[in-house]
Amino acid sequence: SQTIHQWPATLVQPVGSPLSLECTVEGTSNPNLYWYRQAAGRGLQLLFYSVGIGQISSEVPQNLSASRPQDRQFILSSKKLLLSDSGFYLCACSSDGTLNTEAFFGQGTRLTVV
Amino acid sequence: QQPVQSPQAVILREGEDAVINCSSSKALYSVHWYRQKHGEAPVFLMILLKGGEQKGHEKISASFNEKKQQSSLYLTASQLSYSGTYFCGTESDTGNQFYFGTGTSLTVIP
Numbered sequence: 002s003q004t005i006h007q008w009p010a011t012l013v014q015p016v017g018s019p020l021s022l023e024c025t026v027e028g029t030s031n032p033n034l035y036w037y038r039q040a041a042g043r044g045l046q047l048l049f050y051s052v053g054i055g056q057i058s059s060e061v062p063q064n065l066s067a068s069r070p071q072d073r074q075f076i077l078s079s080k081k082l083l084l085s086d087s088g089f090y091l092c093a094c095s096s097d098g099t100l101n102t103e104a105f106f107g108q109g110t111r112l113t114v115v
Numbered sequence: 067q068q069p070v071q072s073p074q075a076v077i078l079r080e081g082e083d084a085v086i087n088c089s090s091s092k093a094l095y096s097v098h099w100y101r102q103k104h105g106e107a108p109v110f111l112m113i114l115l116k117g118g119e120q121k122g123h124e125k126i127s128a129s130f131n132e133k134k135q136q137s138s139l140y141l142t143a144s145q146l147s148y149s150g151t152y153f154c155g156t157e158s159d160t161g162n163q164f165y166f167g168t169g170t171s172l173t174v175i176p
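In the order they appear, the protein sequences are chains A and U. This note's numbering numbers the first residue of the first sequence as 2 and each following residue consecutively. This note's numbering numbers the first residue of the second sequence as 67 and each following residue consecutively.
Everything labelled a hint here was simulated from the structure, so no lab data went into it. Everything numeric in this text was worked out from a predicted model, so none of it was measured. Heads up, the beta-carbon is just placed ideally off N, CA and C, and yes, glycines get one too. Treat each hint with caution, since some may be false.
If we take Cβ atoms under 10 Å as the criterion, some of the chain A residues that face chain U in the derived model are [said to hold, decoys possible]:
| id | residue |
| --- | --- |
| 1 | Tyr-50 |
| 2 | Ile-54 |
| 3 | Ala-93 |
| 4 | Ser-95 |
| 5 | Phe-106 |
Here are a few chain A residues that sit away from chain U, every Cβ distance over 12 Å (derived from the structure) [unchecked claim]:
| id | residue |
| --- | --- |
| 6 | Ser-18 |
| 7 | Glu-23 |
| 8 | Gln-39 |
| 9 | Leu-84 |
Away from chain U, derived, C-beta distances all over 12 Å, residues of chain A [as the list claims (entries may be wrong)]:
| id | residue |
| --- | --- |
| 10 | Val-16 |
| 11 | Gly-28 |
| 12 | Ser-30 |
| 13 | Arg-73 |
| 14 | Lys-80 |
Based on the provided sequences and hints, a complete structural model is requested.
In structure tokens:
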């Protein structure tokens with residue numbers, strides 16, 4: 002079965018600093034990969050999804066970006082964090098690019114921008 | 067694009083039943099249901115595929131009506147462990163996006 006490694010688990014960063022969150026997947030190849038953000042008490046907002054290496058689709062305009070340098074690696078970045086970037090970030094994958102089975106999640110990164 | 071869930075929040079006593087609804091504005095291929103405890107990743111409950119499925123898992127079951135673009139999650143004889151936020155996740159017929167619903171906070175009290 003698939004395993005998603007996501008790190009760090011918690012992060013406190015000052016406004017204006019850069020961000021890099023990494024997610025790696027084991028146990029499958031060519032997955033669809035997703036980044037979600039969950040603000041306190043709110044639902045899961047889709048930020049980016051990727052169907053293959055170098056293929057990134059953005060769902061919402063923002064100061065975040067994503068990259069997929071390898072098949073099972075997905076990175077969320079920012080050059081300058083804003084206070085509004087605080088939240089719980091989750092990486093997810095679906096096996097073989099379909100959603101006929103469950104989506105697997107990393108354990109999340111709680112980001113606090115101060 | 068984000069599915070809408072109702073109700074937003076519900077409080078139950080142990081043993082009571084609840085229904086959570088998920089509605090999408092787009093044609094759906096599949097609907098997933100997840101439960102999330104505070105500060106943790108969502109945990110998979112079940113998936114329903116296009117074709118009007120119904121599924122059950124112990125005292126938690128769900129239905130999917132793709133004509134209405136709706137799914138409902140049924141929790142019967144609720145237990146304390148059922149507390150959490152429930153999300154539906156939807157995959158459209160036409161894309162690779164996977165959107166989560168707005169979430170329903172469910173609290174079961176003794």
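A quick look at each hint next to the structure:
At a threshold of 10 Å, the smallest CB-CB gap from Tyr-50/A to chain U is about 6 Å, leaving the interface hint in force. Nearest Cβ of chain U to the Cβ of Ile-54/A: about 15 Å, over the 10 Å cut. The hint is violated. For Ala-93/A, the interface hint holds, the least distance from its beta-carbon to any beta-carbon of chain U being 8 Å, beneath 10 Å. Contact between Ser-95/A and chain U, as hinted, is supported at the beta carbon level, the nearest pair being about 7 Å apart and thus within 10 Å.
The interface hint given for Phe-106/A is met, as the beta carbon of that residue sits about 4 Å from the closest beta carbon of chain U, less than 10 Å. With a closest Cβ-Cβ approach of about 23 Å to chain U, Ser-18/A is found to remain outside the 12 Å limit, as its non-interface label requires. Taking the minimum C-beta to C-beta distance to chain U, about 16 Å, the non-interface status of Glu-23/A holds against the 12 Å cut. Once the 12 Å rule is applied to beta carbons, Gln-39/A is inconsistent with being away from chain U; the minimum gap is 8 Å.
Residue placement check: Leu-84/A keeps its beta carbon more than 12 Å from all beta carbons of chain U (closest about 20 Å). The claim that Val-16/A is not at the interface with chain U holds, since no C-beta of that chain comes within 12 Å of its own (minimum 23 Å). Every C-beta of chain U lies more than 12 Å from that of Gly-28/A, the closest at about 15 Å, which supports listing it as non-interface. The Cβ of Ser-30/A lies farther than 12 Å from every Cβ of chain U, with a closest approach of about 16 Å, so its non-interface assignment holds.
With a cut of 12 Å on Cβ distances, Arg-73/A stays outside the contact zone with chain U, its closest approach being about 17 Å. With 12 Å as the threshold on Cβ separation, the claim that Lys-80/A sits away from chain U holds: the shortest Cβ distance comes to roughly 25 Å.
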